[in-house]
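> Here is how the chains run, residue by residue.
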Amino acid sequence: MVVRKLVSIVDDDESVRESLPDLLREFGFDVQAFSSAEEFLLSDHVGQTRCLILDIAMPGMTGPDLQRELKRKRWAIPIVFITANRDDRVRPQLIEQGAVDCLLKPFTETALLTAVNAALSQS
Amino acid sequence: MKYALSHVIDTLDGLVWAASADGLVDFVNRRWLEYTGFGIEQARGQGWQKAIHEEDLPALLADGAASRSSSEPHDTEVRMRRFDGEYRWFLIRALPMTDAAGEVVGWCGLNIDIEDRRRAEQGLRERERELGELLDRIPGFVATADAQGRHDFSSKRTLAYTRRTLEQNRGLGFIGSLRPEEQEQVKQLWLRCVAHGEAMDVVHQMRRYDGVYRWFHTRVEPFRDESGQIVRWYGLLTDIDDQRKAEDALHQREQELSAAMQVATLAQLSASIAHEISQPLSGILTNASTGLRMLSGESPNVEGALETARRTIRDAHRAAEVIARLRALFAQKNGATEAVDLNEAIREVITLLRSQIQAGSVNLRTEFHDDLPTVVGDRIQLQQVILNLLVNAIEAMSEIDDRPRQLLVRTERENGDRVRFSVQDSGFGLPADAVDRFFEAFYTTKPGGMGIGLSVSRSIIERHHGKLWASANDGPGAQFSFSIPISPPGMASGPDPDTETTPATTDAVRPSRNS
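Chains L and R, in that order, give the protein sequences. In terms of the numbering used here, the first sequence is residues 12 to 134. In terms of the numbering used here, the second sequence is residues 1459 to 1973.
Note that these hints are calculated values from the structure, not bench results. Be aware that a few hints might be false.
[To be verified] Okay, the calculated beta carbon distance ranges per label pair:
1. R:Leu1708 <-> L:Pro103: 35 to 41 Å
2. L:Gly109 <-> R:His1709: 54 to 60 Å
3. L:Glu49 <-> R:Leu1784: 44 to 50 Å
4. L:Ala122 <-> R:Asn1821: 47 to 53 Å
5. L:Ala122 <-> R:Leu1784: 24 to 30 Å
6. R:Gly1887 <-> L:Glu80: 49 to 55 Å
For glycine and all other residues, C-beta sits at the position ideal for the given N, C-alpha and C.
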């Protein structure tokens, strides 16, 4: 049996949590979705996650907060940020902090697949 | 007879004289001599002429000659010199004395001192002239009409402005100096006021001599006698053209500012709007891609594809809703007055700001009065004010990291049929030196701000007959509130019992300003 690689999604937007997993499963990945950074950290999927798709703006712990927290805990999970807010200053900062990419919503499946594959090649 | 006729003549309060048929004086009474200081010999013949002012003598001699040839009496006013050299005005009345055959046998006369009467008349003329000058100097036009409302007098300024004659204006002729399309309306109003004995108060245009129409505010009031009967009408016409133009310019400026605020608010909102629309678009794109993939595999997953299609439709509706809200907020024409549910209007604004609230890590709490009455007003403008105050509050907390960013939005019912909206933040508060300047146009404490939001917000609230103010919190942060009446003044239910005694007013000829 082929072990599918786990891609985890953290986004407070429910429509992202219901649509994105289906697409990623079509690509052949195993997928887990979480509504908050806190929920992800408390789950037992952190260790298996090969790629983290992470929303930037969330109530409570934000995407960048989670990025710092993972770094502090030395969890080397490649991160693909997704955001609906176009702020040209944020993207270079996140990539400098180690993010693989930062996708602006709405993004195409090609852009998503390219970013996820880039992340998996790092892990 | 107990007394002589000469005694009577000497006692009469007048200067009495008699002359021969050819006009030579042969008698004057004692009072004549006392007044002039002449002796009888000095007065005889033509000697009396020395007592007459030299300027008045020729006219008197001419009147005397005319009377002698016609045998008719004459009245002549002359100055006579008193014994002390002072001249006083006298009325000389000369009468012919005739015999039984009707022949003139001599002349007699009475000179009456009319100095006091002449002075009184002159004083009256001077007062009339002063009054005329006063009317002509009043920086307004004065006009009067008789009890039946027929115009009968205008001050010089009025006639000079229109370059019309009093004859042209007499009666209802003055209507001809108004703008043709206003003439009938003003005429009917005037006739109605005259018929009911009510004061008239009207704003209208009046043609200047050069053809330019200027705005006037005209007030006409009845003057009544002691029995309450109207005797005359007095009117004052004030040129308010410059004032009107200034008001119009101000109104125009306000509208420009309001438009500028829309642009500024739109810019502030663009991040929120992008977020609101990108979310459903992202869902549509992802679901459609997924659906395609589910159907194009070797064993098509129809169940899954149907689900993604349903999600696509739902997300498209979400995007359409966002656009509909935006359209309602910005594209609707100004000036529409309706019953506004303030709670609902606030909820709509909050929905638009959701992502900005979230991105700013702001903890929003709402305390809406459950049974808040609707207010009559312009929903779009009120929402712009609410939006502006909320955006300000969120921005005031953007650099606060040592305490929770708390936003409290509240609606309340106030006494006196008013409702209050307030937004309280835990931001940097009110700078003490700035609090007086907050509502000035172009004053801002924000680096990227245009400083027009609060001044336009205040003018919007004032147009709703309300007030907008800022106050400091007990703790950190500030509170901005506005309070507006449920229904604007003049829209109170039921007729006002006092309306019958107030002046009839028409403003129909000026465009409505109820924006």
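> All hints are to be evaluated individually against the structure, with a verdict given for each.
Do the hints match the structure? See the list:
1. R:Leu1708 <-> L:Pro103: 35 to 41 Å: For Pro103 of chain L against Leu1708 of chain R, whose Cβ atoms are near 48 Å apart, the range 35 to 41 Å is violated.
2. L:Gly109 <-> R:His1709: 54 to 60 Å: holds, 58 Å
3. L:Glu49 <-> R:Leu1784: 44 to 50 Å: Violated, since Glu49 of chain L and Leu1784 of chain R (Cβ atoms, about 33 Å apart) do not stay within the stated range.
4. L:Ala122 <-> R:Asn1821: 47 to 53 Å: Distance hint for Ala122 of chain L, Asn1821 of chain R is violated at roughly 34 Å.
5. L:Ala122 <-> R:Leu1784: 24 to 30 Å: This hint holds: roughly 27 Å between Cβ atoms.
6. R:Gly1887 <-> L:Glu80: 49 to 55 Å: violated, 33 Å
Of the numbered hints listed earlier, those contradicted by the structure are 1, 3, 4 and 6.
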